[in-house]
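**Student:** Spelled out, the chains give:
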Amino acid sequence: MDQILNVLVMGLLLGGVYGLVSVGLNLIFGTVRIVNFAQGELVMFGMYGSYYAYNMLGMSPYVSVFLVAPAVGLLGVLIQRLVIQPLHNESNMQIFATFGLLMMFQNIMLAFTRGEARSVGGDFGTVVIEIGDIKIGAVRLLTFVITTAITIGLHLFLTRTITGKSVRAVTQDKRAARTMGINVEKTFLMTFGIGAALAGLAGVMLTPIYSITPGVGGNFILAAFAVVVLGGLGSVWGAYLGGLIVGVVEAFAGYYIDPALRHAIWFLIFLVVLIIRPAGLMGQVGAEEVGFREQN
Amino acid sequence: MNKTNASRPLAERAAAVAPEVSGLESPSTALWRYLALMGLAGLPLVFLAKDPYWLNIIAFTYLMGGLAAAWNIIGGFGGQFSLGHGVFFGIGAYATAVGTTTYGASPWLIMVPAALAAAAVSMLISWPTFRLRGPFFAIATMAFNEVAFVLANHFDSFTGGPRGIMIPFKAGFANMIFKERWQYAVLMFAFVALVIGVSVWLRRSRLGYYLLAVREDEDAARACGIDVLAIKLKGMALSAFLTAMGGTLFTMYLRFIDPPTLFTLQDVGVKFALLSLIGGVGTVAGPLLGAALIVPFENFLRAELANALPGINLAILGLLMVLAALFMKRGVVGAFEDLVAWVKRKFGGRS
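If you read the sequences in order, they're chains A and B.
Residue numbering for the first sequence follows my numbering, starting at 22 and increasing by one per position.
Residue numbering for the second sequence follows my numbering, starting at 1228 and increasing by one per position.
Isolated chain A, as found in the complex (with noise of 0.2 Å):
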């Protein structure tokens, strides 16, 4: 029982981690429609500048996060405006552009740090929270709050504020949205934005737990699209509850089946999934063809 219990508690953790790289994936994929292979690239580069700002400032990662993620997202901005905007009807082209940019991105890292793998030195990754039988890494904990409190957050700015009911008014409806007078240039320009800046912040979280690597982002690209696709595109609480999903699956799998398995199991339940219920657990039947639909 005990065994079972830590498990679970491991894949929900686990679940917090996938959700936090997936919160700016489901902004860009699940709500604007832009397929960005490039996003784990934008977590790695999160982990990156979470590393320098350490070892050349000194900087805890809870803190350069604001320097970071803002810079990160700039990053999202300058991607949009001059490679997703040129293509942005066509999907099959942009795979192609953001695929180039993941390979650059990744390959540019290497050159840069020559393969050499890099961790934050310090403590923030070893502290253990003991309840009971069951030990909780208090980073990773931590990092579960945090995609709790961003997904609270996003769902709030999408639903309450004004400019987030113009992101959803632009997903469902690009030619109705801009004859109520949105900017729908600079709506998407903002999404793609705020995305990858979310890519950024848990780049930066996760440096205490994962050594970071110029291929790390493809770790995280699959896991992101399947948390999206499995959740319901976007859905803000479905790609939360994809997350956990993805992340106690792996965990059990991993756990009374094989390690070596565990990737492919949940790649088969994404497949099913995507399959049987293209829109995923929490979105809209038909929701995966909103916004494609659409030619102008």
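Keep in mind that the hints were calculated from the coordinates and are not lab data.
Since the structure is predicted, the reported quantities are computational estimates derived from the model, not experimental observations.
Take every hint as true, because none was put in to throw you off.
Partial selection, computed: residues in chain B whose CB lies under 10 Å from chain A: (1) Ile-1352; (2) Arg-1358; (3) Leu-1359; (4) Gly-1361; (5) Ile-1366; (6) Ala-1367; (7) Glu-1373; (8) Leu-1501; (9) Ala-1542; (10) Leu-1544; (11) Gly-1545; (12) Leu-1547; (13) Ala-1551; (14) Ala-1552; (15) Lys-1556.
Note that the Cβ used here is the ideal one computed from N, Cα and C, for glycine as well.
Given the structure of chain A, go ahead and fit chain B onto it with the hints provided.
**Tutor:** Relative to the frame of chain A, chain B by itself:
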């Protein structure tokens, strides 16, 4: 012209109407153009037959050109953007490696059954995924590629796992292992000639027209009475069949395979698509042209820059991908066609 029986193939009838209107040349013109293209593609092989460094690049260019052309059948003609062709490539490769090392069979005998198996697998996994459109299809195929990677690593009693499989050097035609590089180059040339030949045939066949119709507008194609799913499955099976054949040739050329060489997206699944895109997606010659441009360029970058700055060659390739997506959506072939049209407009006058 007076025989207008409906039983004649669609392509033939279309060609009979008016070549300029249908955009389709007569069968003999098509054959001549195909032979001219392959003749042109064969020239480097003739001129550089003594240079082992270049022969290696040429052989690889033919192989990748053939694989890209195989991807182009479903990705270009059919518009189904698969990133999971590594799965079929891997089936061909593993069947060949296991068949030759464990059972001592000749790769020639393995090639076709392995390709048939890949075609069957492709239909099996595509049947549900073809419900998905656009990026969702691409992501799903990418997930299949990852599953294949994990499985190939895991079932090491069959695949050798991360250690891979090494095929011992036993030269001989029956073993598909050759002493001379040019023999491999000829083999790869035969492969690309086959795949391009299939593309030429397909472009003129009923199946090819249906694939184009599905790509242009799935709903309209369905409204015209086309069984969209069946057409997509046929196109995918053909594409997977040829891809697996390429997997066999790749394995016998390298004589070593492991999961990363077969399933790394940027070297396999995405590379096929990239070569087609650079050359001209959905055109007959585009994939080969893309390979002819990118494979030697990549070799050059790797030789010149990779030692100084690891990874910089891939970064440049990535940049190229972004630029191609932005400014050359129809590839080199498309850019050339645009140029011809522009010259005609500018200097052709009103005639």
